[in-house]
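**Q** Here are the chains, one letter per residue:
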Amino acid sequence: MSEIKTIALLGQPNSGKSTLFNNLTGLHQRVGNWPGKTVEQAEGSFVFDGVTYNVVDLPGSYGLSANSEEEVVTRDYIQSGKADLVCILVDASQLERSLYMLADFVGIRMPVMLVLNMMDVAEAAGKKIDASAIEKHLGIPVLGFSAAESKCYPEFFKKMVSAIKTPVCLDSKSLRNELVDEKKNGEDIISRIEAALGDFEYGVCEKIWIAEKILEKDKLVCDIVNEMLPFARKNAIDTILDSAEGRDGGILTGEAKYRWVSKIVRESATPKSIEKVFSKWDRIATHHIKGKFFAFGIMVVSLMACMILAFPGMGIGFGLQPILESAVERAGNALGVWPVAISFVKLVLVGGTCITVCMTSFIFSIIFVFRILEEIGYMARFSYAFDSWLSRLGLQGKAIMPLFSGIGCTAGAVCGTRVLDTRGQRLLALVLLWAIPCGSKVAVVLFLASTFFGSAAPLFGVGYVALIFASFYLSSRLFGKKLVPQNERVGMIMELPPYHKPHWKMIAAMVGRSTWGIFKKALKMILMVAAIFWALSYAGDGNVENTLLYRIGNAIEPVTMFFGMRWELFVSYLGGMFSKEASLGIMSTLFNHTGEAFSLVTRVAASENLGEALASTITKPESLAFLFASMFNVPCVLAMGTTYREAGSIRWLCTIMGYYIALSLGLGFIGYHIGLLIF
Amino acid sequence: MKNADFVDRLSLAEMGENRCGTVAQIEGDSRFISRIVSIGLTPGSAFTLLKNDGRSPVLIFCRDTVIAVNHKESSQIFVKMES
Numbered sequence: 001m002s003e004i005k006t007i008a009l010l011g012q013p014n015s016g017k018s019t020l021f022n023n024l025t026g027l028h029q030r031v032g033n034w035p036g037k038t039v040e041q042a043e044g045s046f047v048f049d050g051v052t053y054n055v056v057d058l059p060g061s062y063g064l065s066a067n068s069e070e071e072v073v074t075r076d077y078i079q080s081g082k083a084d085l086v087c088i089l090v091d092a093s094q095l096e097r098s099l100y101m102l103a104d105f106v107g108i109r110m111p112v113m114l115v116l117n118m119m120d121v122a123e124a125a126g127k128k129i130d131a132s133a134i135e136k137h138l139g140i141p142v143l144g145f146s147a148a149e150s151k152c153y154p155e156f157f158k159k160m161v162s163a164i165k166t167p168v169c170l171d172s173k174s175l176r177n178e179l180v181d182e183k184k185n186g187e188d189i190i191s192r193i194e195a196a197l198g199d200f201e202y203g204v205c206e207k208i209w210i211a212e213k214i215l216e217k218d219k220l221v222c223d224i225v226n227e228m229l230p231f232a233r234k235n236a237i238d239t240i241l242d243s244a245e246g247r248d249g250g251i252l253t254g255e256a257k258y259r260w261v262s263k264i265v266r267e268s269a270t271p272k273s274i275e276k277v278f279s280k281w282d283r284i285a286t287h288h289i290k291g292k293f294f295a296f297g298i299m300v301v302s303l304m305a306c307m308i309l310a311f312p313g314m315g316i317g318f319g320l321q322p323i324l325e326s327a328v329e330r331a332g333n334a335l336g337v338w339p340v341a342i343s344f345v346k347l348v349l350v351g352g353t354c355i356t357v358c359m360t361s362f363i364f365s366i367i368f369v370f371r372i373l374e375e376i377g378y379m380a381r382f383s384y385a386f387d388s389w390l391s392r393l394g395l396q397g398k399a400i401m402p403l404f405s406g407i408g409c410t411a412g413a414v415c416g417t418r419v420l421d422t423r424g425q426r427l428l429a430l431v432l433l434w435a436i437p438c439g440s441k442v443a444v445v446l447f448l449a450s451t452f453f454g455s456a457a458p459l460f461g462v463g464y465v466a467l468i469f470a471s472f473y474l475s476s477r478l479f480g481k482k483l484v485p486q487n488e489r490v491g492m493i494m495e496l497p498p499y500h501k502p503h504w505k506m507i508a509a510m511v512g513r514s515t516w517g518i519f520k521k522a523l524k525m526i527l528m529v530a531a532i533f534w535a536l537s538y539a540g541d542g543n544v545e546n547t548l549l550y551r552i553g554n555a556i557e558p559v560t561m562f563f564g565m566r567w568e569l570f571v572s573y574l575g576g577m578f579s580k581e582a583s584l585g586i587m588s589t590l591f592n593h594t595g596e597a598f599s600l601v602t603r604v605a606a607s608e609n610l611g612e613a614l615a616s617t618i619t620k621p622e623s624l625a626f627l628f629a630s631m632f633n634v635p636c637v638l639a640m641g642t643t644y645r646e647a648g649s650i651r652w653l654c655t656i657m658g659y660y661i662a663l664s665l666g667l668g669f670i671g672y673h674i675g676l677l678i679f
Numbered sequence: 001m002k003n004a005d006f007v008d009r010l011s012l013a014e015m016g017e018n019r020c021g022t023v024a025q026i027e028g029d030s031r032f033i034s035r036i037v038s039i040g041l042t043p044g045s046a047f048t049l050l051k052n053d054g055r056s057p058v059l060i061f062c063r064d065t066v067i068a069v070n071h072k073e074s075s076q077i078f079v080k081m082e083s
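Here the protein sequences line up with chains A and B, keeping their order.
So that you can map any letter, position 111 of the first sequence is 111 in the working numbering, and since no number is skipped, the others follow by simple counting.
So that you can map any letter, position 13 of the second sequence is 13 in the working numbering, and since no number is skipped, the others follow by simple counting.
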């Protein structure tokens, strides 16, 4: 068993933490849930010189106050003392502001290393930073770094290994000097709180850190102190906090921390401040009307770029399928293989693999385009432009991007929710996203509407859009309160990061890795579900009545008729959960008695004959029921797979699925019974 | 300083574009204070107001960073304008 060390990455948003995490851990990542929280836990590992390093990517936050669930998780983890080294990342191009995180860390006795990231950006902007001078000043290992450049990594490993071998903590003396007003001879507010605390200490937190947080009225620290301190001392602290000075405590500590930071910066960086960066572009991007049009333009272009990027993969998937299928059939027949085996290989293995290739290629392109937008720095501008709209649903403005790309492909858009800052936001966006129809769903719904209702179909299109918005409202009412608590829905206070040139190689490698990971998982899942569908719909003689599907369908028809769906329709509805194409394929088989019992990839199952067959068999109320149910049916198996991956819990996947099954069947029920009254 | 006192209690929300100033006072609950401090604004911070259209979040440039502050919250940040 080799040695295992744990490194925690801590940094503000946009500090390049995720780039470092991805480059360190590559494919060896696990994304899950912090126990009992809706906060994402990203962990990974790498091996260097025979030692395994676990890397914990702590949620990004501007400081160590416990204002949000993310910050609580970050702090709990640091205070747990599980890490062998806390690696604090700061943006060298905004050194003074981002060093605040380090200042907030002073007083926590954990081995620490400071990484000045984006040195290349700082240098390009004319800033010179002397990492070794900072190292000398602070007494902890400090590294000048560019997470996006592979040539910087050997130096990182060297520093990291030595930082773990000889661990050093930050000395709190210099910050204490800033916090304490010497002229008051021990009667200043910090010293008084410290005196009231007596010998109170809490794990890795020094008394000075506790005193700071008490002054900042940090709820968690105050609760602990209230619980553990004797009554008289508690009272003394309350009296101090009630004074005029105490009420402004948060400002006092903030000022002291920035004074501490500016001393570091003054001694080690050229004083030259970066020229104001507010370009003509930004003037447009942040305009309250033009900015939105501009953003819509970017969205449309991005979606088009996604389509183009996905095209080769789609072409390969769709193109190979018939060739491979006929090859399998010919080879199988020539060798005299059992027909069941041929059917299985053809429909499940070949069909499943091909559809996975098609779908993953769109996921690849969405991750790629989103990554570029984020790296350039445009994602934050989306937030600026759309926060006022989306905050009504409980979402950040940049959620507009994944929601919009849902029109292209739900599974891909689900991966795009990664850009949102908190897990609660991400889950809420996932819930809303499932209601947005992808291209295939729109095609199916339009086909059904025009088949059943002819010239009234456009009316259903308009109604559909209205229903989608209504579902947004419903979903945000149902899930919003829990996922994005009211006290976290505060007005926007954020940084608009400067525009950066994207590092193409790095992005390509990162996107390639995650797409490969998704492909492998998706393939497993799709093959499994396809095998189940195949087993249910296989009949040796090609007669539908000999399939399991037929028997099950007939048995449960009394129940499904409650929602207005005869068994053929209900089975098609179930097929729609696999893919929209499968839904049409099943209908073709059941109503038209043509084609394979289920075909996964065939796009043009919606033949004219199917339309006629449907229109002549299905009654109007039934068609209403099926139409409504199809509108809000679960997107597809791959969307389920990516949702599971992003949500990190099977419980959430089941919750969202259950919600949409209930919603779609409920709407089907209403549609059917209204239909019975009208027609 | 007299000059600054004269235009007392001018909030960020009322400030014109392309003007420079320093933060004089920040008001609000401890949660708001901790958010605004951790993003880089403290009393005495010098900044330039980049954009204020009266409704969208106010954009300021402070400590080498463009910071957006919601319009409502920006009226809790009081400033001294450079004349």
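Simulated from the structure, these hints should not be mistaken for lab results.
Some clues are possibly wrong.
Said to hold, decoys possible - Computed cross-link-like contacts, DSS-like style, restricted to lysine-lysine with a CA-CA straight-line distance of at most 27 Å:
id	chain 1	residue 1	chain 2	residue 2
1	A	K127	B	K51
2	A	K127	A	K290
3	A	K482	B	K72
4	A	K501	B	K51
5	B	K72	A	K219
6	A	K290	B	K72
7	A	K82	A	K165
8	B	K72	A	K263
9	B	K51	A	K290
10	A	K173	A	K263
11	A	K501	A	K280
12	A	K217	A	K234
13	B	K51	A	K217
14	A	K481	B	K72
15	B	K72	A	K127
16	A	K234	A	K173
17	A	K292	B	K80
**Q** Next, verify each hint and record whether it holds.
**A** The hints, checked one at a time:
For the hint pairing K127 (chain A) with K51 (chain B), the CA-to-CA distance comes to about 26 Å; that is within 27 Å, so the pair holds. Restraint check for K127 (chain A) and K290 (chain A): not satisfied, since their Cα atoms lie roughly 34 Å apart, outside the 27 Å limit. A hinted pair counts as satisfied when its Cα atoms are at most 27 Å apart, and K482 (chain A) with K72 (chain B) qualifies at roughly 25 Å. Taking the CA atoms of K501 (chain A) and K51 (chain B), the gap is near 24 Å; set against the 27 Å cutoff, the hint holds.
Annotation: proposed proximity of K72 (chain B) to K219 (chain A) holds, straight-line Cα distance about 24 Å (limit 27 Å). At most 27 Å may separate the alpha-carbon atoms for a hinted pair to count; K290 (chain A) and K72 (chain B) meet this at roughly 22 Å. In summary, the hint linking K82 (chain A) to K165 (chain A) is supported, as the alpha carbons are separated by about 16 Å, within the 27 Å threshold. Distance hint between K72 (chain B) and K263 (chain A) is unfulfilled; the C-alpha atoms sit about 33 Å from each other, more than 27 Å.
Distance restraint check for K51 (chain B) and K290 (chain A): the Cα-Cα separation of roughly 14 Å lies within the 27 Å cut-off, and the hinted pair is therefore satisfied. Only pairs whose Cα atoms come within 27 Å are accepted, and K173 (chain A) paired with K263 (chain A) is accepted, the gap being roughly 14 Å. Under the criterion of a C-alpha separation no larger than 27 Å, the hint pairing K501 (chain A) with K280 (chain A) is consistent with the structure, at around 17 Å. For the proposed pair K217 (chain A) and K234 (chain A), the alpha carbon gap of about 14 Å is at most 27 Å, so the pair holds.
The hinted pair formed by K51 (chain B) and K217 (chain A) fails the criterion: a straight-line CA distance of about 32 Å is larger than 27 Å. For the suggested pair K481 (chain A) and K72 (chain B), the alpha carbons sit about 22 Å apart, so the restraint of at most 27 Å is met. Note on K72 (chain B) and K127 (chain A): the hinted pairing is violated, with a Cα-Cα distance of about 35 Å set against a maximum of 27 Å. The suggested pairing of K234 (chain A) with K173 (chain A) holds, with an alpha-carbon distance near 25 Å, which does not exceed 27 Å.
Using a Cα cut-off of 27 Å, the hinted pair K292 (chain A) and K80 (chain B) is violated, with the two alpha carbons roughly 32 Å apart.
Hints 2, 8, 13, 15 and 17 from the earlier list are contradicted by this structure; the remaining hints agree with it.
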